[in-house]
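2 protein chains.
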Amino acid sequence: MATLSDIGVSALINILGAFAFLVAFAVLRIQPINDRVYFPKWYIAGKRTSPRSWGGVVGKFVNLDIKTYFTFLNWMPQALKMSESEIISHAGLDSAVFLRIYTLGLKIFGPIAIAALLLLIPVNLSDGTLSFLRRDLVVSDIDKLSISNVRPKSNKFFVHISMEYLFTFWACYMLYKEYDRVASMRLNFLASQGRRAEQFTVLVRNIPHVSGRSISDSVETFFQRNHPDHYLCHQAVYDANKFAKLVRKRNRLQNWLDYNQLKFERHPNKRPARNSGFLGLCGKRVDSIDFYKEQIENLDKKLTMERQKILKDPKSITPAAFVSFKSRWGAAVSAQTTQSKNPTLWLTNWAPEPHDVYWKNLAIPFVSLSIRKLMISLSVFALVFFYMIPIAFVQSLANLEGLEKVAPFLRPLIEWNFVKSFLQGFLPGLALKIFLYVLPSILMVMSKIEGHVAFSVLERRTAAKYYYFMLVNVFLGSIVTGTAFQQLHAFLHQSPTQIPRNIGVSIPMKATFFITYIMVDGWAGIAGEILRLKPLVIFHLKNMFVVKTKRDLEKAMNPGGVDLPETLPSLQLYFLLGVVYMAVTPILLPFILVFFALAYFVYRHQVINVYNQQYESAAAFWPHVHGRIIASLLISQLLLLGLLSTKEAANSTPLLVVLPVLTLTFHKYCKNRFGPAFRKYPLEEAMSKDTQDHASESDVDLKSYLADAYLHPIFHSFEEVELVEVKVDKDEPHVASPSPSELSSPSPQHDYDHEDEPSHNVQHYEVEPLPTMYHYEFESNSNMYRYDIEQHNQYYYY
Amino acid sequence: MATLSDIGVSALINILGAFAFLVAFAVLRIQPINDRVYFPKWYIAGKRTSPRSWGGVVGKFVNLDIKTYFTFLNWMPQALKMSESEIISHAGLDSAVFLRIYTLGLKIFGPIAIAALLLLIPVNLSDGTLSFLRRDLVVSDIDKLSISNVRPKSNKFFVHISMEYLFTFWACYMLYKEYDRVASMRLNFLASQGRRAEQFTVLVRNIPHVSGRSISDSVETFFQRNHPDHYLCHQAVYDANKFAKLVRKRNRLQNWLDYNQLKFERHPNKRPARNSGFLGLCGKRVDSIDFYKEQIENLDKKLTMERQKILKDPKSITPAAFVSFKSRWGAAVSAQTTQSKNPTLWLTNWAPEPHDVYWKNLAIPFVSLSIRKLMISLSVFALVFFYMIPIAFVQSLANLEGLEKVAPFLRPLIEWNFVKSFLQGFLPGLALKIFLYVLPSILMVMSKIEGHVAFSVLERRTAAKYYYFMLVNVFLGSIVTGTAFQQLHAFLHQSPTQIPRNIGVSIPMKATFFITYIMVDGWAGIAGEILRLKPLVIFHLKNMFVVKTKRDLEKAMNPGGVDLPETLPSLQLYFLLGVVYMAVTPILLPFILVFFALAYFVYRHQVINVYNQQYESAAAFWPHVHGRIIASLLISQLLLLGLLSTKEAANSTPLLVVLPVLTLTFHKYCKNRFGPAFRKYPLEEAMSKDTQDHASESDVDLKSYLADAYLHPIFHSFEEVELVEVKVDKDEPHVASPSPSELSSPSPQHDYDHEDEPSHNVQHYEVEPLPTMYHYEFESNSNMYRYDIEQHNQYYYY
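Note that the protein sequences, when read in sequence, are chains A and B.
Per numbering that gives the first Met the number 0, the very first residue in the first sequence carries number 0; after that it's consecutive.
Per numbering that gives the first Met the number 0, the very first residue in the second sequence carries number 0; after that it's consecutive.
Keep in mind the hints are simulated off the structure, nothing from the lab.
Don't take each hint at face value.
Which copy is meant is left open, because identical chains are indistinguishable; a pair holds if it fits in one copy or across any two.
As the list claims (entries may be wrong) - Cut-off 25 Å, straight-line C-alpha distance, at most; resulting in silico cross-link-like pairs (SDA-like, lysine to any residue): (1) 670 x 376; (2) 155 x 634; (3) 509 x 488; (4) 667 x 348; (5) 372 x 674; (6) 679 x 344; (7) 176 x 340; (8) 46 x 78; (9) 549 x 298; (10) 667 x 376.
All chains should be modelled from the sequences, with the hints used to inform the complete structure.
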């Protein structure tokens, strides 16, 4: 059992650790060579093109200005300078609302911590049961401040119960206010957005096959008939997996070509050469530039054929389509209504943002979706409760004897005592470590199999799965000893009233463990987050070995978005800990407050300077955040019930039974009150935006504007002539049309040297030519780019 | 323990009982005097105006044709003669689908019974565990045919498990086919209906109060803005409870006036007289006709003032409205979409049929609804589990000592031994009997408090509550001894795996009890249903004492609809019994089959000849029926799991775990596949009906057609001049307009003497004058009438 001074020492170590990270960050961030690691968002936004430099060769890599080293914490005020509305326009609503989760934590737990420390701790201390028992039992000092210190049957439990009520009401009040605020932020954000393709577009799935008719025909007829005044056009979804493979190959070759041409430019006297055989290792020596040019030409022919095949073959059109309407009202109507007699056909939903579409899942039929959902639910259940079984199996293989058998030459080394003990301590844990490291990716694959059609949904579903894993294996697993499987077994064979008792009774005992956990995982972890050690190392490694062209540099620099599938669940775990311990061991709350405050600063900095959200879901994750905090409140109430029932406080405990019912009712109310704002688009809104549009810009050609917004990203690599062919409904001349959206339209400048790049949320309708076939690099900021990121990002790769 | 011969005797008694009922029915139904009890539907449909008569005074009351007495079962083939489509047009889709539940029972349990009797019973018999044990234990013969007869750890349990799988698959297959059929019947029914007000109308609730603006104005502006192409008109909902009271009083007086005038006509020499004081018991003698005429005149003045007040005072308009659209498409769109930013305002739903509207609940605000739902759920829970507490309290009061204290003069009678023992046996049960008798009414009141806006929904919700009560108190209560409260206590303190074991193990032992239950409640109960003893007695009593005018006669004759809130739950209980026992004690199945077959005949007869459904919900109850049968399957699987786990069949039992998962998945699939057909109206359908309409009758004036369809029923009693005033949006001349619908428009003929009355589902658009103020009797078939029924029906009265 840890004493208060133990905790103090641990806190000191962790504070020092966090401090060291922060200092390291402060030093590293001002080195020009790291600029693209710590400020990639500005490069992507086009506001910065090259690091500040102090002149000379050395000054290009190392910061020589001594003054800057002394203001190593100045990133904090910098991070706070930006207002919320600026953050929204700089990084999107998702990021801004993500930051609000941390302030919500501060708002909920700040007053609760003060009240609990001032009221509960004196009550807990005054009884002194444990100091009386101390001679026999070793108890922690922390326990003296907790509910454990109160005598059984004491009337003081009334204080705890009323505090639990008070805290719950406070938390619910803050949750309500926050939900209200986020919902209106979302609606304002959607209202303030300019014309965007997704506002006019609906994703239609499960289009029935009618023999003798193409999918496009069916869509056309169906919507012409049922939405005659609103239907505008549609885009078929092509099954282009093979084509995508060829495009990727061509991109690789083009990259090599660029690299060799650059090399040739720098040393014009020496033409680069390579071997023609496998991986350039064997075969006869050829001129590299000629070799790649020839290869690309061959590939182009193949591409043309494949492209023709896709466009001609009706089988390559999947039974899904993006249907666009003349007005937002029309789109809102068809997204929210049932279209067909058979409710499994013609399923309509809001189209995700063009960047957010996960193309592979668009064509999954309805029955398959049901089965997939069932299978994945079962798998997640199995993964959460039985993941130890395969790990234990691997562990039993990966011991020293096994290693000696596989690699006998290592025997002398292994037999060395120091190495042996290190390995014996290390090897069994390795399998588990690897598993935990790849777990989010596994969960992401599961979500993909489940069949969701947008990256934002995939991330939310992955976060939910990860949360269940954390809840069972981190929270319950730490409180109740034994594996999750053993717990499951115990749960099935205990009465429903016994479970909260068993867990509740161990809650106060585990407070010191969780305090340490918060310090290690929360404080030091967050400080590590800002240091970005892994991206830093990977960037420099890539820079040394992989990066050949500017495009490669951008790819190496790309920070991705905030890692929601991992960050949200751990955040929710902190909420759970705070809520569970607020009435039991309130001394834990200040540690959580420090975490929320530090994390708020760090993520604010990261959101402003580092992360580049790939899609904009307009805070669609909020209902989940809200729901999990409510679930935490319920868990806390049940566990307190269980704990008190072991304290024989029979006259006070029944008072607590009402609270879960009230909390659930509050949740239901919030769900009805605010939930629809996150799922549906009210017609009032749609109509008022339509009216605004009509008033301001009446002569926009909507049809051509929408025509290729939802074209499969790989088709953006086609020549313009072919593009017209692909767009079934596009009959206007293309040159005078506005770009689909500033993100989905390929930018004609292939690097970020222009300072007048429009900011993220401002629409621009200038006339710009579409990319031509041989300018793949142009698409670095377009869908094409996204597609590449997807292929190269380890996270999406599974 | 009952032996097979005990069961045989019991069956014989019940068969004789049922037979006696049927014979009594056969005799009573052919008496002309009972004609209005056994064939009211034909009177209401206007196909019959007076009973067949055999001439003479006696022949008017008693059937003198001896021949007809010998064909006493000929109602059965008569009942079968009508085809399903005829039933739909004669009695509505609700009734037709209600009958399908019984055929579904036959379809599910027929093949299962054959398979179980042929396969399972030999398996059960062959082991003979019980006959071996018989010397020590008294076991029932029934048990020898059940799973109890199989030796523990026997491999024969594989047969039972595979049978459970087979039966579940069969049941699911039939359920799927039936759901499919009912869904398409519903859609066809809706498609084949003529123009009906509810197709164009949406109920809008929670209209926000804007200061300085009337509700009507707000509605007008909001829908003009957000549905400019589709909005047609709207009808405000008036809070007219006080007015309704006055109208009821006036109706009573008018009735007395009619009675006295009739009396005077029959005996022109004697003017009827009454006392002017309280209830006609005291005060001075006055002329009755003059008295009532004067009273009515006074009341008319009051009515006019009240009416003026309602129409003028904006406060009497509740924040709800019926909004009508120009096309079905427009109505379908606004019923399915979110209208406002604040999703608790401007809530839109399909308007119920005009007859189906429960006016009192239209104005409940959103927050209040949430609270009401919570309170009622808690109350239902309390009612289901703790209803014995108040009953026991009343029982403790209502004993003989209490009775003697209250009424000492009864002492000599009570002290008489025979009376004493009778009372002692009777009194304690009386409170329970009364409670069970009024239970459906209590549940109906609860549903009304919950705030549903349609009678059909109220009935469904009541049925659901009654089902929970039956499930806990009849099914579980019979299996596990002890009150529901004790069971709840046990459930909370047992492990989740122990509960199915405890219940499962007693399942086979209770088979004989349930067989007796099926015979008493099912067989004899259904035979009692066709006899209609209670309505028969009440009708003749009313005829003797209450009925003064033709209108009273119709009121006394009115059979109401099928009593869904009581019938559906007991039907579902039979499904539960069949499903639970199909693999355990299959000998129970034939008894259930007999029930389903008999009930099918009886209800077919009743639907054709007796019941007159008050509203048409187009089989909206089907998803509930389907869901409860699925729930029965799940309960059956869990109990079989529990039962087998006590049989130590460790190698076979785990196989059963997959089945509930599969069943749940099937349910989810069905819900997604067919559910929307019962909640939403596909745009495809709406559009095709709109197009049909445009093609066939392009010059119908929709606005005046819809103008007063959703007028509060009491306003139909206004003079025509006032009517125009009430209808806010009606500016066309009224004379040339079609009637709102053949049911909601008051028929100008005040009795059913015309044979050319249109049948239930045929629309008629002939020009007819609206009723004038002083012809209340005219409204016997209109909304007015419905309103009266509601007030007089004991069922709706609570």
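Taking the earlier hints as the rules, which of them does this structure contradict? As far as the earlier hints go, not one is violated by this structure.
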